[in-house]
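In case you want the letters, here they are:
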Amino acid sequence: MAQPQRRPDSSSLAEVLDRILDKGVVIDIWARVSVVGIELLTVEARVVVASVDTFLHYAEEIAKIEQATAEGELEELEELEVERRPESSPQSASE
Amino acid sequence: MFPVNNRYVYGVVEGDPIEFETDAVGGASVVYTISHRRLGAVVSDIDTTDPEETDEDATRHDEVLRRIMNDGDGRAVVPMQFGMAFESDRALKNVLRGALPAFRRALNDVEGRVELGVKIVRAEDADVDADAVTERIADELEPIAAQSVGNDLFSDRLVLNRSYLVDREDREAFDEAIARLEEDEDDLVVRYTGPFAPYSFVDVTIGAQR
Chain A
1 MAQPQRRPDS SSLAEVLDRI LDKGVVIDIW ARVSVVGIEL LTVEARVVVA
51 SVDTFLHYAE EIAKIEQATA EGELEELEEL EVERRPESSP QSASE
Chain B
1001 MFPVNNRYVY GVVEGDPIEF ETDAVGGASV VYTISHRRLG AVVSDIDTTD
1051 PEETDEDATR HDEVLRRIMN DGDGRAVVPM QFGMAFESDR ALKNVLRGAL
1101 PAFRRALNDV EGRVELGVKI VRAEDADVDA DAVTERIADE LEPIAAQSVG
1151 NDLFSDRLVL NRSYLVDRED REAFDEAIAR LEEDEDDLVV RYTGPFAPYS
1201 FVDVTIGAQR
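Sequence lines, in order, name chains A and B.
No gaps in the numbering here: position 53 of the first sequence is 53 in the working numbering, and each next residue is one more.
Remember, the working numbering sits 1000 above the position in the second sequence when you count from 1.
Hints were generated in silico from the structure; no laboratory data involved.
Label pairs and their in silico Cβ distance ranges:
(1) 29/A with 1021/B: 28 to 34 Å
(2) 1021/B with 7/A: 24 to 30 Å
(3) 1027/B with 30/A: 22 to 28 Å
(4) 1029/B with 12/A: 23 to 29 Å
(5) 1104/B with 35/A: 20 to 26 Å
(6) 1125/B with 29/A: 45 to 51 Å
Glycine included, each C-beta is placed from N, C-alpha and C at the ideal position.
Model the full assembly from the supplied sequences, consistent with the hints where possible.
Laid out in structure tokens, this is it:
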């Protein structure tokens, strides 16, 4: 017997708005208008299901940025990344 | 003629430049890429750095991303949130350069994948064991999806509200799993939407130190 056909609905404006106004990459206005002497901070929270443990790690990294900024050592931390770790992602099944 | 030296950014791609005509955000008619090395910001010209949120322009933003995602065999794009307009090409290239590793990783995460939305609503007057339903759905869908993320349960009739990042080649298996759920669960209404650009799976924030 053939599998029942089911296709997702692609026409919902509400579903698009939920995503486009709330998700996606965010770049703050200062990074969008300034050029001279600007230092960028990039934060990647590659954490789909955040745990307390991940949050604490994240907070620690943010503190490092703040400290480095104060000390003028930002470049080393430009590629800061909070890695998603297995114990923080119980719903991520395929890895 | 209004000055159009600001750039509205839809998303970031890697590789060959893009150019096509369409109804773009803010009344522009051409979408193209501004590149730094292999990265390209998908943009159109605009006369402001603070575009007004309208349904029409939100739809246009989304349609530009869909067009790129559906190009040929499908192209990876890291979607921006609505409203990311830059004052100048220099400011834009500065961000592409400064956040290049983050964009690369995000592109790698979403390559060959699309976002699908699933909302499960309890039928009116139905008595549903929400935990059991959630577990059954996780058992069916999580093994197929590459990643998933929960969204707000804004109504007490909403049993589950999640976004799934799914490999294109697993789309059919996902469709079939949704169909099985619908067949088996009479007390549940399944709202299945997409495919969307992977908005929910690119959690990147870029700021400037002032």
